[in-house]
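Visitor: Chains as they are written, first to last, in this note's numbering: chain A, 3 to 228; chain B, 3 to 228.
It is possible that some hints are incorrect.
Any copy will do: because identical chains look the same in the list, a pair fits if it lies in one copy or spans two.
Listed next, the in silico DSSO-like pairs over lysine-lysine satisfying Cα-Cα at most 30 Å (straight line) [claimed, not checked]:
1) Lys209 x Lys151
2) Lys21 x Lys101
3) Lys209 x Lys144
4) Lys102 x Lys11
5) Lys101 x Lys151
6) Lys209 x Lys30
7) Lys11 x Lys51
8) Lys102 x Lys31
9) Lys56 x Lys131
Derived from the structure by calculation, the hints contain no laboratory data.
Bear in mind the structure is a predicted one, so any value in this text is a computation, not a measurement.
Number of protein chains: 2
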Amino acid sequence: MKSLFASLKIEVNRNLYVKDPESSALGKKIVEHSILLTHDIGFEHFTFKKLGAKIGSNESSIYRYFENKHKLLLYLTSWYWGWKEYQLVFATANIEDPKKKLETGIQVLTRSVERDSFISHIDEVILHKVVINEYSKSFLSKEVDRENKEGFFAVYNRLAVRLKEMVLAVDSNYPFPSSLASTVLEGALHQHFLKEHFSSLTECNDKILPSQFFIHLVSSTLNLPK
Amino acid sequence: MKSLFASLKIEVNRNLYVKDPESSALGKKIVEHSILLTHDIGFEHFTFKKLGAKIGSNESSIYRYFENKHKLLLYLTSWYWGWKEYQLVFATANIEDPKKKLETGIQVLTRSVERDSFISHIDEVILHKVVINEYSKSFLSKEVDRENKEGFFAVYNRLAVRLKEMVLAVDSNYPFPSSLASTVLEGALHQHFLKEHFSSLTECNDKILPSQFFIHLVSSTLNLPK
DNA sequence: GCAAATATGATAGTGTTACTATTATATTTG
DNA sequence: CAAATATAATAGTAACACTATCATATTTGC
């Protein structure tokens, strides 16, 4: 796995950063440790000053890569969804049967990141946890429409459309393909959150995975072709 | 409707406030206008100082009712879910048929608040919009486990259990009743958000309601009894 | 009706956050 | 090796999230 992805660069909207963090050692360190620090203390308590201290750098240097921590969060989550999109396309590429393809897609998009897949400097296991806890905050804001117009959520939108297409390939008459796709994407993050913090509100745990719930849910709601 | 609810007091965890805002005119004004101001500028931009200016009062006076704006948000959302719970119990009280009961329950919990139902000082239409945009922020924090232990999410938890019970009443063998209930509750807020800001990710709009999607989803995933 | 208690308002102050600007010092590159 | 570029250090500002204190209303109990 590692070697396959090793040379892959996930594309992120250029307006999310001032200077491409992939272009320097400091940039990579910023990205790497912003994930770890956010995971440690939460996005609310995360500041550029603390991050600077963590990586032995200065606040002002971080501002040369990212305008503010909101943009940094958008960068991290875009990267995550871009990575997921890559996994999705890769995992479903050669599957003919629409139902098998959809199931595989849901599996990829709802599973927890277990393997230490670690592309270069980014720890995807931790990033997944950060996305579970923080992704909603990136769009639940008054600036969402402007930012969406600027393409800051383009990767996520595209991913949702891909999943929707897989749904339609199984049942072209299903009346809510987009809603079902967005429910699976967002719902998966939510179920992962619940299993950590509100275990009474979900059956999901280490044995019963969110993927099982969502595959069951989607399969039963679609009319399967003969 | 109004007269029915007029004397109802929604119970909210006492540790969410320093002084009960229902106990004074100022307290009610704080609650009333915190909803309106949060709706106007978003929770991130909301401050006690701005709220004070809005209601012709002082920042320091607001602190005598709420420790901080996070607790105020928890208060508002607890109130909202308490109000929803009341509606749920009321609307499903005399329904015998489990399927009908479940459908009605989902309807109540996923519909948008349209009527100007206005209990005393609280505008529920606006509060619903606030909950759609801000509820996730109340639990996506590092303090969630401690706060959950303190019972700050008790109303929501109870509501999810009620919905789960309705699911089990229809199909006692369904393997994911809690996950389904939490998916409906959280998913409904999400679909309402999407229809305002990411219309391409949902079929829901003014004609096709989130309720229709979720009733269809739940009905098809459960094995209905003969 | 008045004193005491309580609620509210006004002001000031503290430490932190979220930056911006400037200057100095490394490091890289042509 | 000089010039360009990147990073670090420092300082400064306005807003935020409070806390504390004191003054002034308003309510209440006798």
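Visitor: Of all the hints numbered above, which does this structure not satisfy? Sort the numbers upward.
Guide: 2, 5, 6 and 8
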